[in-house]
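Dock chain B against the given chain A, drawing on the hints supplied.
Number of protein chains: 2
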Amino acid sequence: MTTTEAKQLLLDTHAEIKHIVTATAVMHWDENAEPYPPEQGAAARGAAQGYLYEKAFGLSISPQIKEALDLLTADPSGLDEYERDMVKIWKKSYDKNFKVPPAEIAALESVVSQAMQAWMKAKQSNDFDTMLPWYDKIFEFQHKMADYIGYNKHPYDALLDKFEEGMTVELCDAFFAQLREELVPLLAAVQASGRQPDDSFLRQACDTATQAALNHEVAEWMGLDFNRLQMGTTEHPFMLVIGRDDIRMTTHYYEDDLMSALFSTLHEGGHALYELNLPQALSPYGLDEAASTAFHESQSRTFENVFGRSRQLMPHLLEKLKKHFPQQFADVTSEQLYAAVNIAQPSLIRVEADELTYCLHIMLRYEMEKDIMERKLTAADLPRVWNEKMQAYFGITPPDDKSGCLQDTHWSSGLFGYFPSYALGNAFSAQLVAKMRESVDVDDCLARGDFAPLTAWLAQHVHVHGCRLTPSELIVAATGEPLNAKYYVDYLKQKFIAVYGL
Amino acid sequence: MTTTEAKQLLLDTHAEIKHIVTATAVMHWDENAEPYPPEQGAAARGAAQGYLYEKAFGLSISPQIKEALDLLTADPSGLDEYERDMVKIWKKSYDKNFKVPPAEIAALESVVSQAMQAWMKAKQSNDFDTMLPWYDKIFEFQHKMADYIGYNKHPYDALLDKFEEGMTVELCDAFFAQLREELVPLLAAVQASGRQPDDSFLRQACDTATQAALNHEVAEWMGLDFNRLQMGTTEHPFMLVIGRDDIRMTTHYYEDDLMSALFSTLHEGGHALYELNLPQALSPYGLDEAASTAFHESQSRTFENVFGRSRQLMPHLLEKLKKHFPQQFADVTSEQLYAAVNIAQPSLIRVEADELTYCLHIMLRYEMEKDIMERKLTAADLPRVWNEKMQAYFGITPPDDKSGCLQDTHWSSGLFGYFPSYALGNAFSAQLVAKMRESVDVDDCLARGDFAPLTAWLAQHVHVHGCRLTPSELIVAATGEPLNAKYYVDYLKQKFIAVYGL
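Going line by line, the protein sequences match chains A and B.
Just so we're aligned, residue 1 is where the first sequence starts under this note's numbering, counting upward by one.
Just so we're aligned, residue 1001 is where the second sequence starts under this note's numbering, counting upward by one.
No lab work stands behind these hints, which were simulated from the structure alone.
By construction, the Cβ of each residue, glycine as well, lies at the ideal position given by its N, Cα and C atoms.
Treat the hints with care, since some could be wrong.
[What the hints assert, rightly or not] One side only, chain A facing chain B, incomplete, derived with CB under 8 Å:
1. Val26
2. Asp30
3. Pro37
4. Tyr51
5. Val100
6. Pro102
7. Gly223
8. Asn227
9. Pro279
[Unchecked claim] Taking beta-carbon pairs under 7 Å as the criterion, some of the chain A residues facing chain B (in silico):
10. His19
11. Ala23
12. Ala25
13. Ala48
14. Asp246
15. Gln312
16. His316
17. Glu319
Just chain A, with the same shape it has in the complex:
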C-alpha cells in the first residue's frame, strides 16, 4: 500500500461510512419523531439498524484501515494538515474502539431500539417494572463496553471519555464539588429570601398548533435555515444530524406550559446552529463534527439560558408571545416575564429544571452512573436510590417513577457517561460568552433582538474548528484559558442575586 493509496482508502471509506450513517440517522428519526412507526415493526427495524452499525463499524476498523493508519502515522509527510488531522482522529478512535467486536455494538443497538419503544410506553404508563429487564441488559452492556475499552482508575472513566475526551471520575468529582460549594449556599439564600415570582400567566392553556407557529418563528429568528433543517415533535426533544445540509430537531408541545417548547426550541436550535455552521470543506475528512458533547451543550445552553433568559431579550420574547397569544399575555410586562422564566426552586424534572438547580440534577445522575459502574447499584435499585437522592438534594420525593428515574431517555437509549457533559456544557457556555463580551456588545445585540453577531462570534471561534481540536484545546483557543468553573458560578450569582434581590 502506497501513501497515496492509504490516503485514498481513508477518504473513500469515510464516504462509505457517511452513507451508512445517513441511512441509520434517517431510521433513528423515523423511530423517534412523531408520528411514531408501527410498533410491531420495531424488532425488524432495530435488526436492520444493528446490521448497518456493524457494517459501518467494520469498515472503520478493517485490517486495511489499520495498515493505512499505521503507514500514515509513521510517515505523514505526504499529507496536508486536514489529512493529518483525519489520520490522527481516526487512529485515536481506532485504538479506542478496535477492541469492541462489531457484533457487540450491533447487539446493543438492537436492544436499544426495542428498549426505546418499551421506555416510551413505560414512562407513559408509569410502569418501571417493564423497563427492568431492558435496563439490566443495557447496564450489563456498559460494564462490557468499559472492559473492552479499558481504563486506568475507574470503569466509568472509559465511558466518560467517549463523550468528553480526557474526562475522568477524578476530574468530575472535583468539578461537581466546586459547583456544590458555591451553588448550594446560593440556592439556600434564594429559598431563604421567601420571594418567589409569579409565573401563573405561563400556565394558561395555549393551543399547540399556535405554539408550533410561534416556535417556527423563533427558529427563523435564531437564523435557522429551513432549507437545511426540519422541526418535528417527539416525547423528548432532540437534535439529529442526517447530513451537513439536513439537520432535524424536535420539541414537545404541552398545552398548559408553552415555555417548555419555547426554551426547548432555543436549546435544540443552539445545537442546530453549531451543526449548520460547521465548515462543509471539512466534510471529506470527517472533521465536520462538534468538538465534544459538552461543547455541543455549551451552544444549546447559550441560546436557551444565557441569551434566551436574559433581561435584554425579554421585550422581544414578550412581543412574540403577545402576537401569538394576545389574551394570555395582554397584561404581562417584560420584567414579570423575566422574573417568571428565572425562578429558582427544587423541581422533579431535569429538562424543566431552572439554571440554578440544573447541575444538581446532573450530579444525581452522575453519582448513580458511577455507582452502577462500581456495581454498587443495579437496575432494580433505581427507583429507591433516585428518590432518596431527590429527597437529600432537593428536599422532595417524586410522586411516581415517570417523574423520577423513568424521566430521561438516556439510559434506555444506551447513553452512559453522557450526563456530566450537560454540566460541563453550562460551564463552557458561561466562559465563552464572557470572552465574547470583550469584542461584541452582547447586551446591545440582545436588546436589539439581533442574534447574528452572537452566532457569528460562535461560528468564528468555536464552530469553525469542527473536531480538529480536542475540547480542552478548543476552550483555550476560543477563550485563552482552560475550563474555569468561575465564569459559570459568577454568571449564576450575578443573575440570581439580582432576580431575588439578595
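Positioned in the frame of chain A, the structure of chain B alone reads:
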C-alpha cells in the same frame, strides 16, 4: 461449496439484503411522506440511498451467489419446496439483472431521488421546463436498461416484463384493443344518455382533520392493523413495505373533495391487506412478496371499486360520512351517493378518473412509453403529445401541465413499464371477484359491511402464495382460467348500464 453451504449462503445473503432494503424503504418514506425533509439534504440522502441500493444489488449478484445458484439449480435434491422456489426465483432475477452494472442502478437511484424533489416543485408551480433535464436523464436510463436487460421484439418488452413477468407489447396491444372495442361504445352510450348524476354534495368544504379521523376509521373497518401499519399524508398516495410488520400508506386530503382521500384509503388499504396477509413463514426465502404489480393493483382496485363503489356498501359509507360530516350529508340518500361516486365522464387526472375511463388514461401512457422506447418521442414532446392524445381520446385538452403530463410521479421516480399493470390489475380484480362469488355471498357481505369473509377469500386464494406462482400461474390457480378481459368488461357494462339506465 457444498449444497448445504450454498443454501446457507442464499439464506444469509437474503437476510442481509432485507436489512438494507428496510433501511432504503425508511429513507423512501422519509423523502416522500409529510413532513418532507429539508430540500438541501436531498442530494446527500439520494447518494446514500444509491450506495445502499448498489450494495444490496451487488450482494444479490456476487460470484458466490452465481456459484450457489448454479450448483443448486443443477442439483436441487437437498432442497425442500420453499428452498427450490427461492433458488428458482433468485436465478430468474439473476439472469435478468446480472447484466446491469450496480453503479448504473445507483446512478439512476441518485438521479431519481433529486428528480422526485424537482417534480414536487414543478407540479406545484406548473413548470414543465424545470423537469425537462430530469426526464431526459431518466428516459435515457430506460433505453440503457432495456439494452442491458435485452428483449426479443421490442425494447419496451424488457421493461414491461420487470413488473409483469411475460408481458409484451404484443400482448398489451391486443389487451388494450379488446378493452377499446367494448368500452368506447359503452362510454359513448353513457354520454349519449345525457344523464349525469348530481355530485355537488361531494364538493363541499370538509375539514381535513375530520377527514383524517374518517379515513382512519375506514382503515380500521377494512381490517388494517395499526400495530403493523402507519398512515401518513403525501402529494401522491402510495403504499410502502418497510418490513413484514411495518406497512406504510399515505393519502392526500383535499378540503373540497373528501371522496378523493376516502377512495385512496380503500385503494392503498387493498394494497396493504395484500402485504399484511403474506405468510410470515415465507419470509426467510424471500417468497413473501406479491405475485406482480398487476396482482397488487387487483387487490387495491377490488377494495376501491368493486367493493368500495358497490351499491351494497353505500349505506355503510353514507353512515360514516354522516357521522363525521353531519351537515354536509344530512339530506343525502344512499342511492344519490351511489350514483355520485359512479359518474362516468372524460377527466384530466388519472388518479381521479372513474372506473369506465380509467383504462383510457392508462392506454394514453402506454402508447407514450412505447413511443419513447421506440425513440419516436423525447422528453420535450411530452406536453404536446399528451395534450393531443387527451383531445383525441377524451375530447378535452388539459389547461396546464400539472393537470397533464406532470400529474404522475412515475416518470420522475423512474417507473417505466409500470402503467399497464394498472389496467391488468382491474381485469384481474373483476375475474377474482367473479370467482369469489361462487363460494362467498359477496353482495350479502357488502350489505352487512363485513369485509372479513371477502379478505379471507383473497388471503386464501391470492395472498397465501406470495410470489411462488407467476402472475399467469396465479390467476389460473385462483380462478381456474387464464386472464380473461371478459369479466372486467361484463362488470363495467352491468354497472354502468344500471347507473345510467341504458
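Using the nearest Cβ pair, does A:Pro102 come within less than 8 Å of chain B? It is violated, given that the least Cβ distance between A:Pro102 and chain B is near 14 Å, above 8 Å.
Using the nearest Cβ pair, does A:Glu319 come within less than 7 Å of chain B? violated, 28 Å
Identify whether the interface hint at A:Val26 stands, where standing means a beta carbon of chain B within less than 8 Å of its own. At about 5 Å, which falls below the 8 Å cut-off, the nearest Cβ of chain B leaves the hint on A:Val26 intact, so it holds.
Against chain B, is A:Gln312 within 7 Å by beta-carbon distance? violated, 31 Å
Should the hint that A:Tyr51 touches chain B count as held when the rule is a Cβ pair under 8 Å? At 4 Å from the nearest chain B Cβ, A:Tyr51 passes the 8 Å test, so the hint holds.
Close enough to count: is the Cβ of A:Ala48 nearer than 7 Å to one in chain B? holds, 4 Å
Hint A:Pro279 vs chain B: min CB-CB distance below 8 Å? violated, 16 Å
Does the CB of A:Gly223 sit less than 8 Å away from some CB of chain B? violated, 15 Å
Closer than 7 Å between Cβ atoms is the bar; does A:His316 clear it against chain B? Give me holds or violated. Result: violated, 26 Å to nearest chain B Cβ.
Minimum beta-carbon distance criterion (7 Å), A:Asp246 to chain B: Holds - the Cβ of A:Asp246 comes within 7 Å of chain B, reaching about 3 Å at its closest.
Restraint: A:Ala23 near chain B, CB-CB cut 7 Å. Satisfied or not? holds, 4 Å
So, as I understand it, the hint says A:Ala25 touches chain B; can you test that by seeing if any CB pair is closer than 7 Å? Since chain B brings no Cβ nearer than about 9 Å to A:Ala25, farther than 7 Å, the hint is violated.
Consistency note: the structure conflicts with the earlier hints numbered 5, 6, 7, 9, 12, 15, 16 and 17.
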